[in-house]
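> Please arrange chain X with the ligands on chain A, whose structure you already have, making use of the hints.
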Amino acid sequence: MLPERLNKVIHLLARLPGVGEKTAQRFALFLATEAGDVANHLGAELTTLLDHIRPCDRCGNLADYDGTAAICDVCRDTRRDSNLLCIVARVQDLLAVERSGAMRGRYFVLGKLLSPLDGIGPEELPLERMINRIREDKVTEVIVATPPSVDGEATALLVARELEPTGIAISRIASGVPHGGDLEFADQITLGRAIDGRKAIDG
Amino acid sequence: MTASIRFERVNIRGFRNIQSLDFEPAPRLNVISGDNGHGKTSVLEAIYAVSTSRSFRAERLAEAIQTGAEAAVVRVQVRDGDLGREQRIALEPSRRSVTMDGKRPAKLAIYATRTPVVVFHPGDLVLVSGPASDRRTLLDRLALFLDPTSGDHRLRYTRATRERQRALLERGTNASDLPAFETLMVQHGTRLQQARRESAEALGAELEPAFRKMAPSTLEFTTSFVPGGSESPEEFARELASRRGQDARRKTASFGPQRDELELLIDGRSARRHASQGQQRLLTLAMKAAELACVRAARRAHPVLLLDDFSSELDPTRTGAVYDFLEGSESQIFVTTTRSDLFPTPAVHSADRVDWTVCDGRLERG
Ligand SMILES: Nc1ncnc2c1ncn2[C@@H]1O[C@H](COP(=O)(O)OP(=O)(O)OP(=O)(O)O)[C@@H](O)[C@H]1O
Ligand SMILES: [Mg+2]
Ligand SMILES: [Zn+2]
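As you go down the protein sequences, you meet chains A and X in turn.
FYI, the numbering for the first sequence is 1 to 203, going by the working numbering.
FYI, the numbering for the second sequence is 1 to 366, going by the working numbering.
Bound conformation, chain A alone:
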C-alpha cells in the first residue's frame, strides 16, 4: 500500500521505545507529507549524531565529543562536590535525580542492572571503572540510586560489597520510591526525599 522506502522508515520508528506500529505510521506520514523540512533536518542531525555525542568518559552521562574526549556538563561543573558520587543505572535516572534538585555531587552511570536471568552478571557491569573513578576523585560518600526493583536492590548490594574494602560511606536512597517503580517516573518531591532520607546499606 505504501512505498517501500516509507515502510522502512515506519519499521525503524517503531523500534523507538513507546512507539507502536500505528504511531510510527503517523510519524512517517507526517514527515513525508506535511513536514519535509523536519524530515531533512532530522535526517541531517541523526546522520552525525553519534559522531558528536558520546557517553561521558568519566561518568557515562551523555556529552559532546570533540574528537578526542567527551566530558559532560555535570563533570565540568566546578561548583559540584566531587567527594560525593551518586551511582545510577541509566542516563534517564541521572536526569530524574538532577530534577529533584537534591544532589550536589556528581554521578556514575552503570549502564545496566545486575540480572543473571537476562544474562547480565557482575562482569557486565563497569565496576572497575567505577572504583577507579572513586579513587581519582577522592570520593568520600557514595549514594546508590538504582531503582527499587529486585535487580536494582541486588545491584546496590553488589556495589556496596565491591566498595566495602575502601571504607567509604555508602548509602541507598530511601524507599520513598514505589517498589518496582521507575526512578524516571517518581515525582521530584518523592525522589528528593528519598535522597535526603538515604540509609546506610547493610548487606
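Rather than coming from a laboratory, the hints here were simulated on the basis of the structure.
Predicted model, so just to flag it, every value in this text is computed and none were measured.
Worth double-checking, as some hints may not be accurate.
Said to hold, decoys possible - Pairwise CB distance ranges (calculated): (1) Arg76(A) <-> Ile110(X): 40 to 50 angstroms; (2) Thr99(X) <-> Pro55(A): 36 to 46 angstroms; (3) Leu95(A) <-> Thr99(X): 28 to 38 angstroms.
Glycine included, C-beta positions come from ideal geometry on N, C-alpha and C.
Just chain X with the ligands now, with coordinates in the frame of chain A:
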C-alpha cells in the same frame, strides 16, 4: 459489626461466551441454572475476576477474552456496608487493568482484598488431593488479607531466588553476585515465611472445628504447617550459603518457603494419600468453610460466595454442608447448577432470591 458485601449490578462484555450482560443480582441468593456450556461458570468467573483480578479456573485470565473480541470488560456496583463503589477490570491479550471508582489502585493487593469473594468449585478438590503448591496458593491468598505486603514479598522473593539459581548455574558457587541475591532472599523470604505461618495458623484454627462439624466424630483431623525455610534471618542466610553446591547440582533451591507444606492429616495420616474420596471431598469443603471464616474475620465483612456447579456431584454430605452455609451465612450467594429444583431454600425470603437462566451467554430472570 460485620458488614455485608453485595453486588448490586453486574455488567459483563466480551467475556468467554458472554457478549454483553447486564443484571441486578438479588441481595441474598442468586440461583443460576442452564445447560452445559451455556456460560454459568463464566458468570462466576467474571465476578471473581473483577473482585480479585484473577481467574479461579484459568492460569491466564486473558483466555477469557471472547474469541474475536479485542477486550473483555467486567464492571460491578458493590455495596460494602454503608459504602458504594464501582469496580472495573479490562482484559486485553497482554494487559489487564483494574479501577476502583475510576481510579487505578496504588497496589493490586489492596484492590484484590477490597471486595472479598470466596469461590467453591469442582476443581477445589486439588486443595486436598493435589500438590503442596495448591495449598500454598490458598495460604498466599489468605495472607493478603492478613498482611497486604505479603504478595510483594512473595514476588520479590521468587525473583531473587530465580536470579540466584541462574547465577549458580552459570558462574558457580563463588559467583560474586550470590551474596546480593541471597541477602534479598533472606529479606523477603523471612517475611513470606512469617506470612505463610500466620495464614496457616488462622486457617488451621478454623479448619479443625469446620471439619468436626461436617464429618463423623470418629475421624480425627489435624493440620500441621511444615515450613520450607526459616523466619530467622541468620538461619536463612546460613542455610542458603551452605546449600549452594547442592542447589547448583539439583538445579533447584532446596531451602525456603517455596517448599512450605500445609499437611492435612486424618487419623494421623496424610489425607492426600490415604483419605477416601468422600473424606477428601468433605475436607475440601471444610477448607473452603475455613477460608470463608478467615476472610470474614480479617476483613470484618461477609464475603460473597460463588458456588460453581452445585449439582456436579450429587453428594448428600456436600449438599447438606452447602445448606448449612446458606442457612448460617449472611453472605450474598451466587450458585450455578444444571438443576434449579435442587434449591428449595426456606431460610431465604423469596424477595431475596432470584432465579436466573443462562442460555447461550445471555441471562434471563426465571
Ligand atoms: N474465550 C472464549 N470465547 C468464546 N467462548 C468461550 C471462550 N472460552 C470458553 N468459551 C465457551 O463458553 C461457553 C460457556 O462456558 P462455561 O464454562 O461458562 O459453561 P457452563 O455453563 O459453566 O457449563 P457446564 O455446565 O458444563 O459447567 C462454552 O461453550 C465454552 O466453549
Ligand atoms: Mg460450569
Ligand atoms: Zn560526566
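> Hint by hint, note whether the structure agrees.
Each hint, compared with the structure:
no.	hint	result
1	Arg76(A) <-> Ile110(X): 40 to 50 angstroms	holds (46 angstroms)
2	Thr99(X) <-> Pro55(A): 36 to 46 angstroms	holds (41 angstroms)
3	Leu95(A) <-> Thr99(X): 28 to 38 angstroms	holds (31 angstroms)
This entry satisfies every hint, going by the numbered hints stated previously.
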